[in-house]
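Protein chains: 2
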Amino acid sequence: MEHFEKTVSSKDIFNGKVIHVTHDEAELEDGSIAMREVVGHPGGVCIAALTEDDELLFVKQFRYPYKEVLVELPAGKLEKGQTPLENGKRELLEETGAVGREYMTLGKLYPSPGYSDEIVHLYFCKVDHYEQQSPDEDEFIDIIKIPVNKAVEMVLNGELPDAKTQTAVLKTAMLLQNMKVKEL
Amino acid sequence: MEHFEKTVSSKDIFNGKVIHVTHDEAELEDGSIAMREVVGHPGGVCIAALTEDDELLFVKQFRYPYKEVLVELPAGKLEKGQTPLENGKRELLEETGAVGREYMTLGKLYPSPGYSDEIVHLYFCKVDHYEQQSPDEDEFIDIIKIPVNKAVEMVLNGELPDAKTQTAVLKTAMLLQNMKVKEL
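Going down the list, the protein sequences come from chains A and B.
Just add 10 to wherever you are in the first sequence, counting from 1, and you've got my numbering.
Just add 10 to wherever you are in the second sequence, counting from 1, and you've got my numbering.
Don't take every hint at face value.
Because identical chains cannot be distinguished in the list, a pair is counted as satisfied if it fits within a single copy or across any two copies.
[What the hints assert, rightly or not] No farther apart than 27 Å at their CA atoms in a straight line, the calculated lysine-lysine pairs in the BS3-like style are these: (1) 77 to 16; (2) 77 to 192; (3) 118 to 160; (4) 190 to 27.
Derived from the structure by calculation, the hints contain no laboratory data.
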């Protein structure tokens, strides 16, 4: 039998700039009722951008929920009126100044299926050239270049805990390995 | 310079069973003030449990925020008074009935650093034997076994979008590859 839960009621809790929280009653498949806490999110995009020296572009920034400085792949929230890929190109440019070419999808990521509806679209590209960086006014970020092999090592060593970064770095490494295999 | 943001005020928005939402004012490094929306979460655990036939145990369940049935590695929220590893053993047993051995860490995962403080602890283990499955009363789950290589393929094909699942499956595949290399 296919599993399902049906919304019985949904109460708005918080309408923020980023998240929208609701507290729902759901009818389960046995007819019982369970409460579900849901964080609504516009979705996001994350880009693994490869330089001609086989490095990936990372951003280093303070992440308020963790009170920690994290190194992550460039990423951002989806803005209305743009496709995920257009959002990806915009975020990469804003955060790093890089303009990419040969974009490829690395799939979607569901960060926290228990309580959030966020979907992050992952992309790979090659850096074509650089223009002017223009981060949001409340973003203070450093740009770091890390060789792909070193980035994989950092994922395995726990130095890059961000979910989208771990997934996109490992997928990029596998993609490049396959490309090399195909070139042989 | 090291980046930082300092909490100026924090307003409680919602105290749920799973999440705790606050709306904070933060002072940025240039002295300006920005609003930060934060989802507090107790943290979680996720286990890649390998059978003697080189399959991983997965659970298939309805995920309310996405209104979708997802296939994920066994996982759950951290409970107080237990270490992350103890939580992992408990969740694996509850959701699949499996008891593991040779547990190894696969690192930590920060699902959504922009707004959530959740940390998911990832583990690998081998299935030692099976006991009685006992999922939570509001959980309806099927157990599925998928060969590791097939699971990697499904991650790359987009069939396993869950972040902890993608990361732990790819790390498990790399771990097993290294073990085989070492055995040679």
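A quick look at each hint next to the structure:
1. 77 to 16: For residue 77 and residue 16, only the inter-copy Cα distance (9 Å) is at most 27 Å; the intra-copy one is 37 Å.
2. 77 to 192: neither (43 Å within a copy, 39 Å between copies)
3. 118 to 160: both (24 Å within a copy, 18 Å between copies)
4. 190 to 27: Neither: 43 Å inside a chain and 49 Å across chains, both beyond 27 Å.
Violated hints, in rising order: 2 and 4; the structure is consistent with all others.
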